[in-house]
Every structure is written in C-alpha cells, then in structure tokens.
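Asker: Listed below are the residues making up each chain.
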Amino acid sequence: MDFITFVIERYNYWIFIVLMMIGLYTVIARGNLIKKLIGLNVFQTSVFIYYISIGKITGGTAPIYTSADMEARAGGHDAAALPGKDALGEGGLHTTGGDFASAGNSLEELTKAPHSAPPAEALHSVPGAANDLLSSPALTVNDHAAAAADAAHAASNVIYSNPLPHVLILTAIVVGVATTAVGLALVVRIREAYGSIEEGELEAVDVVAEFGVESGDGARA
Amino acid sequence: MIAPETAILLSMGVPLIGLVAIWLLDRAPNLREAATLATGAILVALTLSIFLAVGAGARPSISVITVIGGLKIDFSVEPLGAVFALLASVLWVVNSLYSIGYMRGHNEKHQTRFYMSFAVAIAAAMGVAYAGNLFTLFIFYEVLTLSTFPLVTHKDDDAARRGGRVYLGVLMGTSIGLFLPAIVWVYTIAGTTDFALGGILPAPLASAGLLPALLLGLFAFGVAKAALMPVHSWLPNAMVAPTPVSAFLHAVAVVKAGVFSILKISIYIFGERFLDASGAAEPFVWVACFSILLASMIAMRKDNLKARLAYSTVSQLSYVTLGAMLANSMGVMGGALQIVTHAFGKMTLFMCAGAIYVAAHKTLVSELKGLGRKMPITFIAFFIGAMSIVGLPPLGGSWPKFLLMLGAADAGERAVIGVLIVSSLLNVAYLLSIPAQAFFLAPQEGEALAPIDWRNLKEAPFLCVAPPVMTAIGAILLFIFANPLFNYLAPIAGAE
Amino acid sequence: MSLAHQLPIIPVITPLLAAPIAILLPNGRLAHLWATAISWIVFAACALLLRDVATAGVISYHMGDWAPPIGIEYRIDLANALVLTLVSGIAAAVIPFSFASIRTEIDERQMPLFYAASLICMVGLLGVTITGDAFNVFVFLEISSLSTYALVALGARRDRRALTASFNYLVMGTIGATFFVIGLGLLYQATGTLNMADLKLHLAGNNNRMVEAGFAFILVGMGLKAAMFPMHLWMPNAYTYAPSAVSAFLASTSTKVAVYVIIRFIYSVIGADFDFASAAFAYVLTPLAVAGMFFASIVAIFQADVKRMLAYSSVGQIGYMLLGISFGTEQGLSASLVHLFNHGLMKGALFMAVAAVVLRTGSHKISAFEGLARKMPFTAAAFIIAGLSLIGVPLTVGFISKWQLLSAAFDSGRPWAGFLIVASSLLAVVYIGRVIELMILRPAPEGELKEAPLSMLAPLWVLAAANIYFGLNTQLTVNLAERAAAALIGGGP
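Protein chains in written order, with the numbering used here: chain A, 114 to 334; chain B, -8 to 487; chain C, 113 to 605.
Heads up, some of the hints might be wrong.
To be verified - Computed footprint of chain C on chain B; a stretch qualifies when at least three of its residues, placed anywhere within it, have a C-beta under 8 Å from a C-beta of chain C: (1) 48 to 59; (2) 165 to 179.
To be verified - Just a sample of chain C residues kept apart from chain B, beta carbon distances all over 10 Å, derived: (3) I512; (4) S519; (5) V534.
What the hints assert, rightly or not - Derived Cβ-Cβ restraints for the label pairs, each shown as a range: (6) E99/B with N585/C: 37 to 43 Å; (7) E314/A with R221/C: 38 to 44 Å; (8) P138/C with K100/B: 52 to 58 Å; (9) R486/C with F477/B: 29 to 35 Å; (10) A427/B with G525/C: 43 to 49 Å; (11) D319/A with S357/B: 54 to 60 Å.
Treat the hints as calculated values from the structure; they're not laboratory data.
Every residue, glycine too, gets a C-beta built ideally from N, C-alpha and C.
Next comes chain A alone, as it looks inside the complex (with noise of 0.2 Å):
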C-alpha cells in the first residue's frame, strides 16, 4: 500500500523517466537522423517537464502580485519586500524534493515526517534539518510546501509557485530549440551531399569511399 503511495504520488518524477528514457533510447536506437533529433527533443523535454513540476506548489497561483498581496506586505514586511522569491522558492523546493532513489528503506519515516517536521526548518535548508527533509520527502508533496509557505507568509495569503524553475527552463527551451535547428540544418546538408539520411548507408557510403571498393565510383552508390 505504501509503496503504492509512494509511487503514485511521484507521478511528475514517473513521467519524466519514462520520457528520459523514450527520448535517449530513439536517439540511440534509430538510424534516421531526424528521428534522432526526435529523440533528441523528448529528451530535452523531459527535462523541461522535471524543472517545471518542481516549482510547482498546490494552491500556489501564477508568480504576480495579487493586489491583496501587495497591500499586506506593505504594511510592514520590508525585508520580504523584494520578490519572495529566497523564501519562497526555497519553501517550495525543499519539500517537493524527493529522494526517489532511498524508496526502499524509509518508507514509515516518509509517511510521518510532514508531519513531524516543524514547517519553519522546512523553509531553509540548513545542514541537520535540511537532511531530514531532503529524505524524507513530502508524503503529500503539495500539502506539506503549501503549509511550509503558510507559515513563512502568515503575512500574506496568497501562495506563489517557484517562479525561477521556470525562468530556468524558458532558457532552457530556447536552447532546445537552436539545438535543434542547428541539427535539421546539418540533416540537410547530410541529405545534400550523401543522398540520405539514414546513420547505416552514411557510414557504408564513408566507408566505400575511404577505402575504395572499386574506383571511385562505388562511393556514389
């Protein structure tokens, strides 16, 4: 049953393996250059996906100010007054942060621990607590980072996601997508000089050419 638990409630974590792993095998496992560059992209995508649900938080709206907000805070909370992102982010993140790899072991400390772990250390990550809660990772991941931002902004109602998770893979999926114009461009140019585009004949063609079967003609072949 816990196992069960365990698993379902890491759902984003299954998807972005599952996804890794179809992104990596196509690239590795197909021939045809685009359909690399596929695989390519789902990889990558996967990644995105995994940055992306990491900075999310249950209850949590989009990183704006809400106009409520912004009137509690400023009666008097100056030093959260800059974008909360430290506070919050950090909330977020540290209880959302699962240890997927100890599942095995520490199955009845996960079940209890959001509710043994003082909200308040959950917030910064400092060295003892921090370990505790890094292994242990929140049983109800969103219930738990939406109490540990409650207690960090009793000020303030309105719970944001982690906006810089998000900001990151923006960057990310701009990169993404030069990579991938750089690799349907050089596909092109494969096509025009070979005649193909798929790995095995290009590199039968290289090899007739290099070593010459005939003349120089089989390297057309």
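Using the hints provided, position chains B and C relative to the given structure of chain A.
Answerer: Here is chains B and C on its own, set in the frame of chain A:
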C-alpha cells in the same frame, strides 16, 4: 685566467657558439673543420682550468635558473665530473681530427649536420659532467640522447632508421619510464635532488624493506646509457652510425655519461654508507656480473668488428656499474678509473676499425687475416688498445681491474673476483685474437705471409691513423701516471 | 562606474557584441581583422584579470548589480583566471593564424560567418569559465557548443564527413548538456540556489542521494563535453574533419574548459571532502583516467591521420588531468591545472602546425608529413618542439606537467600512478616519434612545396616558444596553479 664558475657556463656555451660557426661555414669545409677544432681547443682549455681549480680544492658551483620551487638548473663540479669533462673534451679534439680524415676519406653526405650534432652532444656531455643535481643531469642526459639521434641515423637508409628507432626508443623509454620517476621519487623523499657527498636519502630509509633496492633499480636500468643488460640493446644498434660517432659517442661521451651518472648517483644520492646499510646494491652486483660475462660471450660470436666492439663496450661499462654497486672506496675508485682508461682503450679500437674500413673496406673480423702486414701501425694501435681493455700491464686498463678486485675482496664478494678473471680471459679471446690473426694468419689458406713492406704501406689517410696512435699512447701513459689521477679522485672515495 | 570596475564583463560582452558586426562585414579579410582585434582586446582583458586576481584576490562581479545569490555573479579566482587566460590567449593566436588556412578550406562567402561563429564560441567558453552561477554555466556551454557544431560542419567543403561528425557531436553534446541540466535541477531542488558559493554553503555536510545523483549527472554530462574516456567518441571525428584552424582552437580550449568545470563543481560546489566525491575519485575518475591514458594513446599509435592521432592523444591527456584531480590532494589538483594550461599550449601548437601542413600539402594523412623537415623547416621544427613537449622532454612545458603529476603521485602515496603516467608517456613517444621520424628521415617529396606563410608561422611560433618559455619560467603556471589549488581545496582566497 677566468673564474671556474664562468668556465662552467662557457664550457657549454662555447660548443654552441661553435655550432653556429659550423652552420655558417657550411659552404667552406676547411673553415668549418677549423671552427670545430678551434672550439675543441678552447673547450679543452676551459675544462682544464676547471680541472686544475677542482684539483686545488675548489668546488665551483653556479645556479642558472629555478624552474619549480626546489628544482634548479644548477652546476657544481667535483673531481669525478672534472675528470669526465676533461676526458670528453680532450678526446673530442682527437676525434674531430679523426672525423675529418674519416668523413672526407669516405665522402659522407651532410657533413655540416654531422659536426653540428657533435657540437650539441659535447655541450650536453659537459652539462652532464658539471650537473649539480639530478634534475640538471637528467635534462642534459636527454639532450645528449636527442642530439646524437641524427648522428646514428646519419646514413639515412632503412638500416639506419631501424637502428635509430631502437636507439631513441630504448634510451628515451628507459629515461622517461624509469629514470624520471626515480628522480621524482627521490625528490619527494629527500625534498631535493642536489648531489651531496655521502648521499641525500634519509638514513632510516635504508631499512625500508625493498624500497631502496627498487629505487636503485630504477636508476640502474633507467640510465640505459650505462648499457646494463637487458637495456643495452641500443648500443649495438647505434653501430649503424659512422665510425667517428661510434668511437667518440659510443665509447666515450654517451656511454660514459651513463656510467658516470650511475657512479654519481651511487656516491652522491645514495651514498656508500646507505648502500652498504640497506643491502640494496647486492642484487645489482650480480646483474652487473651477469652483464659482464654475457656481453663478452656475445662479443665472441660477433664477426662484425664494430658489433664485437659494441658488445665489448657493454661488458666493460658494467665494470663501472659493478664498482658503483660494490659500495666501497676501492670499488668506486675502480669504477672511476675504468671510465677514463676504457675511454682511451675503446676509442683506439673503434678508430682503428674505422681506419680499416676507410683503407680496406673491411668490416668483418674474419676478413682481417693478414691485413696487419699491410696496415701495421693501425694494428699495433689496435693491439695496445685491446691490451688495455683486457687489463694487462703496462697499460692503463690494468689499474681499474686491480682496484675492482680489491673492492670485491673488501666487500667480501669473492665470486666477483672470479667473474673478473673469467671476463679478462674472454677479452683476451675476442680482442687479442684480432691483431694476432691480422699479423700471423695468411688471408687465404696455404698462402705465405708477406713481410711488412714499410715503404709501401696501405694505411688509411694520416688523419685516420694518427688519432688512434695518440689514444694508444694515452693508454700507456695512463699506466705510468695513474697515481696522480688516483689522488685526484680520492675525495670521492674518501667519503666515509 | 570606471572601466576597471567593469573589467570582468569585457571578455564576455566584447566578442558577443562583435560577432553580429562580423557577419555584416563585406569580406573575409575585414572580418578577420575585426575578429583579430577583438580577440586581442579580450586577451588583454583576461591577462589584466589574471594580474588583478593574482595580486588582489578574488573578484566578484554582480551582473546588473543584483547581489548574489539572486543575481548572477561572475566570480574570478586564480583557477578560472588561469583558464580564461589560456582560452583567450589561444584565441588570440588562432584567429590571426586562421586566415590563410581557412581561406582555402571554406567558401569565401562564409568567412564572415566563420569569424562570427568563432567569436561566439569564444564567448561561450569564456562565459563558462568566468561565471559563478551554475545555470549560467549551462547557458554559456550551449552557446559555445552550438557555434562549435557550426564551425565543425564548415569542414564539409574539404570532406563531407565533417557533417556527420558535427551531427554526432551535436547529439552527444546535447545529451551531455542535458545531463548537466538534470544534475543542476537535482542540486537546485536540494538547496534552492544556483550560485556556486551558495550551493557549497548549503551542501556542506549534506549528503543525500539526491545530491549524489545530481553530482553523478553533472560528472557524466561534463565528462561527455570533456571527452573523458569512454565518452570521447564524438571527438576524433569532429577534430579530424573540422577546418584545421577550428581543430587547433577547439583542441586546446573546449575540452580544457569542460575539465575546468568538473574541477569547479567538485571543489567549489560539492566539496572534495564530500564522501561521495572521494568515492567518485577512487572508483570512477581514477580507473577511467587510467583507461583513457592507455586506451587512447594506444589507439593514437595506429592512426593514419595526424589530426585523428592528435585527437586521440587529447583523450589520453584529459586522462592525466582527471588522474591528477582524482588524487584528491592539493598537489594533484595543482598538477591538473598546470597540465590543463600546458596541454592547451602543446595541442594548440601541434594542430596549428598540422594546419600549415594541410595548407601546403592539402592532406593531414601521416604520409603528407614525409620529408617535411626539409621543405617546411619552420613548421616542422614547431611541430617537433610541441611534440617533444607532449612527450614530456625536459625544458618544455610537458616536462613541467609530468614532473608535477609525478610528484603529486609519489607524494600522495601512489607510486603506481606515477609509473602509469610515465608508461603512457612512452606511448606518446611512439606516436609522436612516428611523425617526427617521417618528417626528418624520409626523403622530401617531389615538386614544389613552400614554407607556410608568415601569418601562420608567427602565431605558430608564438605558441611553440610558449611551450619552451613556460617550461623554464614556471612563475605563472606552477605558482598560480598551486595557489589556485590551495584556494579551491582550502576555501581560502
């Protein structure tokens, strides 16, 4: 009179200046050879001045550049180095005379490159002789290897290339693979690589199990120029070079730089006392003995004269290693004297071999029968050189053999005395048989021996014959004047 | 804000802004002059940075004045100042060098694009090195990689295999970069920060499997970029078929930068005292480094193509650097940094010499080198100097590297590693010796064969001379590397 410190630097600088002069005089062979000889003469003056200064008790030293923290290019002269440098520079002049005769008599190509490489090699030999620490020694040791490579491959044919490959492969392989790690190891243990009388390794290390023997082994085989078996194979391969190269580099400069390094390492890095206490040297005494005997036996089976001489060199070099490994004052003195006397003896033999080749185009021992009657001067010089190598009085070569036997007795290694005696007998068999056949056997069975026709000799050109005669006379003089040399070298053996 | 204050941004911003201008320039010669000027400015800036760091300590530059850990920080200490100087120095030598060689190897119209891509590649490599922000590393890494793919593919005019080589490089490089991002994500999840110094604070004493997994992903990702054995498969083809000047630039910079990132993450992010990091040293880095040293060197011996041979040799040399790191000692680390710098100099000179040979003979097959010592004596001499340096002959930088590595090995109680290092240098004797022998001992080829033009010889000889100069004067390399290593390990200034 210049200061010895300056002389040290000049002794490396002058050959390099000579190198430039040789290069510039490419088109004027006579001037080019004059440049070589002038360089040689200046160099002899320099090394002689250092030799005298060291004899007077000075220990000139000079530091050139600090490379890394404790690593300096550093020169400091002690008696052994002074003797080696003087020996090399004097014999270089002799050999240059001989080279002129040989190379012209033989119309060799690339003569400029030949003399240029020689100049670099002699500068490197000076660096080895005067090195103040292992690091400096290593640098010049490598320069010596690289600068002699073009000489070994001088003929530019397939055989030369093959020989050159083995030459470079073995020498570089051992020096980088064994010698360098040994130096670094010493450096990490002792914090320095400076040569100091009595050694620099901490005494407690002597009881550190196999470590001292391992370290000594790295040096003994890492310095492949000492041609201890089984890292000797470069030497026979180097015989593809023109004879002056074999005569000077592979009987004097290169190989002596090797055994000189071994001797220096055993005295100044390990120290006799350390070697004695650790027992590290014991196995290498036997390796050296093995090398002495086996190389002599191989030499007996070689019909090619130069190959026979090469194996004889392998055998004779191991005498020096043996002396170093005996780790007592007699052994060390024996080794040091062997460096000098063998240089004269073996160089004579090689130059004779070259003279025979130039005059009669013969390279095989079996072709030399009766040739002594046509080239008596060459063969008399050969005979003297061979006697010196064998170790017969009244020739210089007898002293080191005698001292080594004393050293062996001191070390309680009676079997070593036996090895030395057997080796001398083998030497007689393979060296003295050559002039004997040349004088007393007819070229063809049943033919009568012609008397020597002194008015109508078929000797090689003057410059090919005079140098071996000079070195042969040197070998005789070394017998008579061994005592000053002995006293001169005494400080290195009197460390205890 | 004085200009001196803005110095840290100059190496990144100048080429970035200059690249689009290079595209607009009407012909290759102008673009070449422009890129040369920029590369010299950048080199000057990096040299100044190195001087400042060496005298005044770590420089921290806040992008847009946002304080770290929120803002992006450029953090320059001795370790990256050294790498910056190497990368910009090589660029300052290769870009002037490239004109004559590139003109014959790629389409005339592509030359402004070539110089733009080179400048962008430079931006990326310098950015990776200079930044103190972990995610920023990824961004710059991809900037450099993307331009590198394009540069490699430019070799297609000579040999169409450049295209497939570039494509494979793209696939492998992207996988590596993505692994790196996954690792960063895990670290971020564990700490909530991406600033390297901040990461280290949060990770101190904090080892759980998430961090370990993150570290492993980063090591694999960067290992791919650094061509760490056995993840080097992209490299031989890419270096072989790329235009010769590109090979010269990449071989001496890009893998070095990746090694630097590995060092940076191990010491400045994870912390070497981390149990996991030391386990990685013992069970991953050491065996792979040794395997690379031998495997790649042996493969290099049997290559018939000099560029490919040098590429395999690079894989082996990366092994030395990783081995030094894996000792986990200050000396080992400093030896790695020294070798990183020195190897850049040697490989730069070697590949540049090959480029000169390609220009004159049209081939980089080993047979093209026969008898070159007579026909192209200056090129051949530079190749020989750099080759001897690669072997580790005294009085060259290679010897300094070997010496440092050997003493680190003996000092850390690993004499066996010392012997492995020298044994693999012997393999270098074989593969370099093979080429040198051909150049010196074979008869010169028939027909007209001129020495390379001065515009190539001058930069080539600058690097060859650097191989000797830094072999004698080690103030810059060894001293700074030792201080850098002490700072990386001890956390001091």
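Asker: Decide, hint by hint, whether the structure agrees.
Answerer: To see whether the hints hold, each was checked on the structure:
1. 48 to 59: holds (count 3)
2. 165 to 179: Coverage by chain C holds here, the residue count being 9 at a Cβ distance below 8 Å.
3. I512: 7 Å, violated
4. S519: 5 Å, violated
5. V534: About 5 Å separates V534/C from the closest Cβ of chain B, which leaves it inside 10 Å; violated.
6. E99/B with N585/C: 37 to 43 Å: Because 40 Å falls inside the window, the suggested range holds.
7. E314/A with R221/C: 38 to 44 Å: Violated, since E314/A and R221/C (Cβ atoms, about 30 Å apart) do not stay within the stated range.
8. P138/C with K100/B: 52 to 58 Å: 53 Å, holds
9. R486/C with F477/B: 29 to 35 Å: 51 Å, violated
10. A427/B with G525/C: 43 to 49 Å: Given about 60 Å between the Cβ atoms, the range is violated.
11. D319/A with S357/B: 54 to 60 Å: 58 Å, holds
Of the numbered hints given earlier, the model fails hints 3, 4, 5, 7, 9 and 10; all others are met.
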